[in-house]
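Single-letter residue listing:
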Amino acid sequence: MYDKEKGLFDAFVAKKLSRRELLKTTGKMGLSASTAGMLLTQAQTRAMAADFDWMKHKGKSLKLLLNKHPYADAMIANIQTFKDMTGMEISWDIFPEDVYFDKVTAALSSGSSEYDAFMTGAYMTWTYGPAGWIDDLNDFIKDPAQTNPNYNWDDVLPGLRASTSWNGVPGGELGSSDAKQWCIPWGYELNNISYNKTMFDKVGVQPPNNLGEMVEISAKLTKDLGGPYGIGVRGSRSWATIHPGFLSGYANFGEKDFNVADGKLKAAMNTAGSKSFHKDWVKMIQDSGPKNWSTYTWYQVGTDLGAGASAMIFDADILGYFMNGGDNKEAGHLGYAPFAANPAASAPTPNVWIWSLAMNAAGSQKDATWYFLQWATSVEHDLFGARKMDFVNPVRASVWKDEEFRNRIDKSYPGYLHQHDVSAPGAKIYFTAQPLFFDLTTLWAETLQKMVANEVPVDEGLDAMATEIDNKLVEAGLG
Amino acid sequence: MTAAAHTHQPVKQSRFMRRALPYILSLPALLMCIGILIPFFTAVYYSLLRYRMNLPAMKGFIWFDNYLNFFTDPKFWNTVYISLVYAALTVGLELALGLGIALLLQRPSRFNNVVSILLLLPLMTAPALAALMWKLMTHPDFGILSYLLTLVGITDFKWASDPKTALLTVLLVDMWVYTPFIMILLLAGLRSLPKAPFEAAALDGVPRSFVFFRITLPMLMPYIITATLFRLLDSIQQFDIIYAMTQGGPGDKLLVFQVQAYLDFFQSTNVGRSAALMIILWAITYALSNVFIKQWLKLRERAHGAA
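Order-wise, the sequence lines are chains A and B.
Read in my numbering, the first sequence has 90 at position 90, and its numbers run on one by one without any break.
Read in my numbering, the second sequence has 299 at position 299, and its numbers run on one by one without any break.
To be clear, the hints were calculated from the coordinates, so they are not data collected in a lab.
Take the hints with a grain of salt, since some may be wrong.
Said to hold, decoys possible - Each computed DSBU-like pair below joins lysine-lysine, with the alpha-carbon atoms no more than 30 Å apart:
{"#": "1", "chain 1": "A", "residue 1": "401", "chain 2": "A", "residue 2": "68"}
{"#": "2", "chain 1": "A", "residue 1": "275", "chain 2": "B", "residue 2": "75"}
{"#": "3", "chain 1": "B", "residue 1": "164", "chain 2": "A", "residue 2": "220"}
{"#": "4", "chain 1": "B", "residue 1": "59", "chain 2": "A", "residue 2": "180"}
{"#": "5", "chain 1": "A", "residue 1": "279", "chain 2": "B", "residue 2": "164"}
{"#": "6", "chain 1": "A", "residue 1": "279", "chain 2": "B", "residue 2": "298"}
{"#": "7", "chain 1": "B", "residue 1": "59", "chain 2": "A", "residue 2": "472"}
{"#": "8", "chain 1": "A", "residue 1": "329", "chain 2": "A", "residue 2": "223"}
{"#": "9", "chain 1": "A", "residue 1": "56", "chain 2": "A", "residue 2": "264"}
{"#": "10", "chain 1": "A", "residue 1": "266", "chain 2": "B", "residue 2": "294"}
{"#": "11", "chain 1": "A", "residue 1": "180", "chain 2": "A", "residue 2": "329"}
{"#": "12", "chain 1": "A", "residue 1": "202", "chain 2": "A", "residue 2": "180"}
{"#": "13", "chain 1": "A", "residue 1": "223", "chain 2": "B", "residue 2": "59"}
{"#": "14", "chain 1": "A", "residue 1": "283", "chain 2": "B", "residue 2": "59"}
{"#": "15", "chain 1": "A", "residue 1": "291", "chain 2": "B", "residue 2": "59"}
{"#": "16", "chain 1": "B", "residue 1": "195", "chain 2": "A", "residue 2": "266"}
{"#": "17", "chain 1": "A", "residue 1": "256", "chain 2": "B", "residue 2": "75"}
{"#": "18", "chain 1": "B", "residue 1": "164", "chain 2": "A", "residue 2": "275"}
{"#": "19", "chain 1": "A", "residue 1": "103", "chain 2": "B", "residue 2": "298"}
{"#": "20", "chain 1": "B", "residue 1": "164", "chain 2": "A", "residue 2": "283"}
{"#": "21", "chain 1": "A", "residue 1": "266", "chain 2": "A", "residue 2": "68"}
{"#": "22", "chain 1": "A", "residue 1": "60", "chain 2": "A", "residue 2": "142"}
{"#": "23", "chain 1": "B", "residue 1": "75", "chain 2": "A", "residue 2": "264"}
{"#": "24", "chain 1": "B", "residue 1": "195", "chain 2": "A", "residue 2": "472"}
{"#": "25", "chain 1": "A", "residue 1": "197", "chain 2": "B", "residue 2": "75"}
{"#": "26", "chain 1": "A", "residue 1": "197", "chain 2": "A", "residue 2": "411"}
{"#": "27", "chain 1": "B", "residue 1": "164", "chain 2": "A", "residue 2": "103"}
{"#": "28", "chain 1": "A", "residue 1": "264", "chain 2": "B", "residue 2": "59"}
{"#": "29", "chain 1": "A", "residue 1": "366", "chain 2": "B", "residue 2": "59"}
{"#": "30", "chain 1": "B", "residue 1": "164", "chain 2": "A", "residue 2": "472"}
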């Protein structure tokens, strides 16, 4: 009896059986959903293990450093599959995001080999890579002896593959032919509009189509709703204020952070186009943003939308996803819309945040660590997370085509797939890769705070900031 | 009997042990000293380097350039200014408030004892948690303090998110947490003062203000100086309240030493600049401590001389 069930699921994984046929047969066999799920996972594990010696590092133990996040939760929920397939043991330390990156910096800078792999963002690798704290994973990806033939690296969305690779040259193009793959994309978020449909209907407005409309509609929502504010965007004194909606809109106008010439960087934030964009952005926050905007991180932006304190956010799409479920007050009332800030632009250009996995250069079991990394970023695990857990947004093109995943998202989060599909082709990192990223982007956020507080006019503030940034670049030998 | 006689025999120590004993006894203190001095001198060494962890090729010995660069850096002077203003205001206000409360609770009674214990509760709260609590209480939409302000006609008060009121907001949090520390120290001082001068003044019908300024305050001065020293050293090194509330913003309004040094190290991995900032903070702290300790010693000498 068991062999028959095993054969059924093996045939499905080998694509010899359609999903409809599988469901019909399991129904006839009287299998419960949980048993069917378990058998499917086992069949996928057997399929993965068929052409590759996953047991090569049997008996070894790895330790991970993780951020408390739904992506980590999905991995932990599926970790037994990896253990069964490889015979390896895995342990981890998990920290909240507030302190996570300090912990990573402390662990890596000390040269500690305690952690073999860790979660990171792509921007962080612009520090970790040049410092020699992480390894170039191309050495593993391109080695057929180390990487299972079904890994299908090219299946990872091209914008994300490029955004996580850099040649280490300040201003060097991301994803260039000489770039090092500092980390493997795991899950990602792009920046678009998530909005409260009930509030929009009440006021009688539609999601904005460009920045001008966003400024107007946000002001109307603030005025007419008589309580909730119109638009939620981040504002804390941190680089994280610049990278989501702000840079996505900024890049849509063709504006850049730096000009690169002869290997030297020069600030480009004080062009006429940049000043015009900043003026609109500042006005939008002053008229329709949260009252204590300068303390807003992703957390406040998201929870305000979920609690009905704001009518719309221009931030990570997954914030809108998570706020539309659970016990949030506005769960079920949220909609999603792609957003191109520039009326002349043909498509959105969302800047992205990519949660990725990287390998500690001081680790002592790199081959075994790569086995974990390739499993955790495999099609199979990505699919498991996307179908069964909240592993949004998956990074693999094949997962985005998966019927079960799409049906689930479309049913529970109407409009989400559309905003993603329209925006994904233009989704990538729009910052210039350079080692002073955190200093200079935090300075940008600081200047934005001063402009919103009317401490400095936009033109004057941007000119002063550009001068200060150029001085810092020269001081660091980059300008 | 034999056993008792044996225990009373003097223990014979070897010559070596006699000589080594003082060193052995001071060994824990020596180890402690080494534990403090190694990180200190490591920081001094790093402060003399151009050392950004993400630009390893640029690492090199630059002597005092990190310090010299500060002189022409307006951001550094802003840090010095805001750190000193923050320290002076917190200590001054907490001292005034702590002294006032201590005077009110001076007379030992069951009620006063209970109140003094209750007033100590904020001191038992971790400052970072207190800051998060205040962040909620000052939220413009649902914070209780924002609501109370609307009752007296003040609307749209932005607390820590407005550059004009950010300092005031973090001062309030600091005062809420640390005033009880000063209060309890001064209360202990007030209750231990000799009664005779006060009884004599009462018999002579001396006005209360005269008693306070000419008897209470001078006699309480060692306690005031001790409390001021502790609080000054602590508040010039403030980190958790400010970082939890504003991360040093809005703009650069609250970029005190510790917040700036933390960001330089953990965010920018600029070890050299961060270490130099911390050494300057140490120098300021050291100088302030010296001033206060000298004052305290003078007062002690005067008290001994009077005795």
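For each hint, the structure was consulted:
{"no.": "1", "hint": "401(A) - 68(A)", "in the structure": "holds (28 Å)"}
{"no.": "2", "hint": "275(A) - 75(B)", "in the structure": "holds (24 Å)"}
{"no.": "3", "hint": "164(B) - 220(A)", "in the structure": "holds (28 Å)"}
{"no.": "4", "hint": "59(B) - 180(A)", "in the structure": "holds (23 Å)"}
{"no.": "5", "hint": "279(A) - 164(B)", "in the structure": "holds (22 Å)"}
{"no.": "6", "hint": "279(A) - 298(B)", "in the structure": "violated (60 Å)"}
{"no.": "7", "hint": "59(B) - 472(A)", "in the structure": "holds (16 Å)"}
{"no.": "8", "hint": "329(A) - 223(A)", "in the structure": "holds (22 Å)"}
{"no.": "9", "hint": "56(A) - 264(A)", "in the structure": "violated (46 Å)"}
{"no.": "10", "hint": "266(A) - 294(B)", "in the structure": "violated (52 Å)"}
{"no.": "11", "hint": "180(A) - 329(A)", "in the structure": "violated (44 Å)"}
{"no.": "12", "hint": "202(A) - 180(A)", "in the structure": "violated (51 Å)"}
{"no.": "13", "hint": "223(A) - 59(B)", "in the structure": "violated (55 Å)"}
{"no.": "14", "hint": "283(A) - 59(B)", "in the structure": "violated (43 Å)"}
{"no.": "15", "hint": "291(A) - 59(B)", "in the structure": "violated (44 Å)"}
{"no.": "16", "hint": "195(B) - 266(A)", "in the structure": "violated (73 Å)"}
{"no.": "17", "hint": "256(A) - 75(B)", "in the structure": "holds (26 Å)"}
{"no.": "18", "hint": "164(B) - 275(A)", "in the structure": "holds (25 Å)"}
{"no.": "19", "hint": "103(A) - 298(B)", "in the structure": "violated (46 Å)"}
{"no.": "20", "hint": "164(B) - 283(A)", "in the structure": "holds (19 Å)"}
{"no.": "21", "hint": "266(A) - 68(A)", "in the structure": "violated (37 Å)"}
{"no.": "22", "hint": "60(A) - 142(A)", "in the structure": "holds (23 Å)"}
{"no.": "23", "hint": "75(B) - 264(A)", "in the structure": "holds (25 Å)"}
{"no.": "24", "hint": "195(B) - 472(A)", "in the structure": "violated (64 Å)"}
{"no.": "25", "hint": "197(A) - 75(B)", "in the structure": "violated (45 Å)"}
{"no.": "26", "hint": "197(A) - 411(A)", "in the structure": "holds (16 Å)"}
{"no.": "27", "hint": "164(B) - 103(A)", "in the structure": "violated (34 Å)"}
{"no.": "28", "hint": "264(A) - 59(B)", "in the structure": "holds (19 Å)"}
{"no.": "29", "hint": "366(A) - 59(B)", "in the structure": "holds (28 Å)"}
{"no.": "30", "hint": "164(B) - 472(A)", "in the structure": "holds (28 Å)"}
The structure fails hints 6, 9, 10, 11, 12, 13, 14, 15, 16, 19, 21, 24, 25, 27 (numbered hints given earlier, in ascending order).
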